[in-house]
Amino acid sequence: MIAHLDIDAFFAAVELHRHPEHRRKPLVVGGDPAGRGVVATASYAARRFGIHSAMSCAEARRRCPDAVFITPDIGLYRQWSARVWEVLGQWADATEVVGLDEGYLAVGDADPEARAAELQQIVRSRMRLSCSLGVSRAKVVAKVASDHRKPGGITVVPAGHEAEFLAPLPLRALPGIGPRTEERLRAAGLRHIGDLAALDETHELVSGAWGVQIHARARGIDPRPVETEPSERLSVSAERTFSEDIADRRELERRGSEMAARVSERLVERARAASTVTVKMRFPDFCTITRSETLGAPTADAAEIWAVAARLLEGALAERPEPLRLLGVGVSGFDRPRQLPLFGRAGRPSWIAE
DNA sequence: TCTGGGGTCCTAAGCCTC
DNA sequence: TCTGGAGGCTTAGGACCC
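Residue numbers for the first sequence follow the working numbering, beginning at 1166 and rising by one.
The hints are simulated quantities; they were obtained by calculation from the structure and are not laboratory data. One or more of the hints may lead you astray.
Stated by the list, open to error - Here are the simulated EDC-like cross-link-like pairs (lysine to aspartate or glutamate), alpha carbons at most 16 Å apart as the crow flies:
| # | residue 1 | residue 2 |
| --- | --- | --- |
| 1 | K1190 | D1231 |
| 2 | K1315 | D1171 |
| 3 | K1315 | D1173 |
| 4 | K1315 | E1267 |
Take the sequences, apply the hints, and build the full model.
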């Protein structure tokens, strides 16, 4: 059996350990409520005001002017997360960490209820954190189940009852169905996961690789194992939403070249070079476009990455000469470098040709 | 007054090669 | 030499996730 463990309001819970004086107050971890930030995590006290993840902080403050707002400290959450999964790793046959606050554990077939309670107790006693667990034969069902009784709940779906468990739940409860897909499915008259599961395999909505997969998952079929090896990263990027839209080209170039330098640093840290450069631009109306170019040879050099990105930015702004709300620089298409940089000059790894 | 940042995966069109 | 299909690559965008 596979358990999905999800730490309840993780960022907020860590902040409450650091700031016990806020324990009784609604707490929001996220951006500046006076700026363009959004809510990363809201404590359960804040959720009672209708505040939830991804809501703009300005809206959150409107809903609860007395809430305490805290800027996320990702480094701290990483440390906590690493400790949680280190502890859990000693108690499960295998663990797969997904993000900072959740993951899967292989827990064997004997008394899953007791195993889940044991894991929950370990997180509570060793880390003083509350978590919810879902246990099932199928990964996707375990994930949905962990969300079923939050916070602090345990839901075990016995083998053979996966489809039955999923059937009455709303479409959005199934991972992979976001607002757009829900809208499409609802337009076709579907309301619950069971409606999707009941579609004939030949139905147009469940055609294509994605359709076949979501159809299988709706029926509780998910053969993915617990993956203990973290997958290789496929892209690296840096982006920034500006506090005010920027029209000035020189300012955009300054910000963009900084992002290229950050991306380059991260490539060098990982001893990687990339062959595709992408720039992302978001205009004041929130319309977002990307432009990318694939180079003849992979690079990790900040100046080279920025030279390509700047050209793409220039081209896009020639087509649409408007201020930018967001600018991003990213790279993908990784290649192992020919050799590791032993004595490379700062900002210019040694494997880049002079 | 809305709407982050860093990712992955899928699809589709256009182009190229075999 | 022309045609057409298959399939890969590049590019762009969309959707989704934590």
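Among the hints numbered above, which are violated by the structure, and what are their numbers in rising order? As far as the earlier hints go, not one is violated by this structure.
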